Amino acid sequence: GNSVTQMEGPVTLSEEAFLTINCTYTATGYPSLFWYVQYPGEGLQLLLKATKADDKGSNKGFEATYRKETTSFHLEKGSVQVSDSAVYFCALGRSGGSYIPTFGRGTSLIVHP
Amino acid sequence: IAGITQAPTSQILAAGRRMTLRCTQDMRHNAMYWYRQDLGLGLRLIHYSNTAGTTGKGEVPDGYSVSRANTDDFPLTLASAVPSQTSVYFCASSTGTAPTDTQYFGPGTRLTVL
Chain A
864 GNSVTQMEGP VTLSEEAFLT INCTYTATGY PSLFWYVQYP GEGLQLLLKA
914 TKADDKGSNK GFEATYRKET TSFHLEKGSV QVSDSAVYFC ALGRSGGSYI
964 PTFGRGTSLI VHP
Chain B
211 IAGITQAPTS QILAAGRRMT LRCTQDMRHN AMYWYRQDLG LGLRLIHYSN
261 TAGTTGKGEV PDGYSVSRAN TDDFPLTLAS AVPSQTSVYF CASSTGTAPT
311 DTQYFGPGTR LTVL
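One line per chain: the protein sequences are A and B, in this order. Each residue of the first sequence is one higher than the one before, starting from 864 at the first, in this note's numbering. Each residue of the second sequence is one higher than the one before, starting from 211 at the first, in this note's numbering.
Bear in mind the hints are in silico, worked out from the structure with no lab data behind them. Some hints could be false.
To be clear about the criterion: a stretch of chain B counts as covered by chain A if any three or more of its residues have a C-beta under 8 Å from a C-beta of chain A, and this derived list gives those stretches [what the hints assert, rightly or not]:
1. 222-229
2. 250-259
3. 300-308
On a predicted model such as this, the values are computed, not experimentally measured, just so you know. No residue lacks a Cβ here, since even glycine has one placed at the ideal position from N, Cα and C.
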């Protein structure tokens, strides 16, 4: 079945540091890939997505490239801010025989001033 | 546009009691979902509905039931609550069931079962 593996957190960084959060997946077919962000006390919201291999999703300075050969969708940001502190979820859209989306367990990011 | 609303915001419930969590969306989305979020376990799908009148079981459906009488509403019922159902519950919706569809989440309901 489909699955998503994210690096465990928390990831703790100083402001303006470079961020990478790793995400790899197993899927039947050719899924779309998503990163969602959850700020404290809120629901998840879409950060970015990519719908086919080699696509790059980007938003708010975050980027992720859909790498079919390594089944990865790593999230990166060149210079994090305190306001980026949140939990980040990598997710697969429905694909193949899976009728439901699949989420990773989430990675907590803490950015210190 | 409100998006997705959930009620109540939080609730403390005695074990054995029946509870319905409400979810309403105003985006005319066909698909809706219920998740629970527990520390260290991420999001787990409880039930989903691809369109009004249909429902399906997710990863952790036991002890929960849903109905989808119309497009906008997707209530989640705990028939007889147990402490292990203490969690934060999120309702979500998407335009349809295409692989590229984004999910939109409500603000969540924090439920404590004592």
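Results for each hint:
Interface restraint, the segment 222-229 of chain B with chain A: violated (0 residues with C-beta to C-beta distance below 8 Å; minimum three). Check on the segment 250-259 of chain B: 6 of its residues sit with their Cβ under 8 Å from a Cβ of chain A, so the three-residue criterion for coverage holds. Remark: the segment 300-308 of chain B is confirmed as covered by chain A, as 4 of its residues place a Cβ nearer than 8 Å to a Cβ of that chain, reaching the required three.
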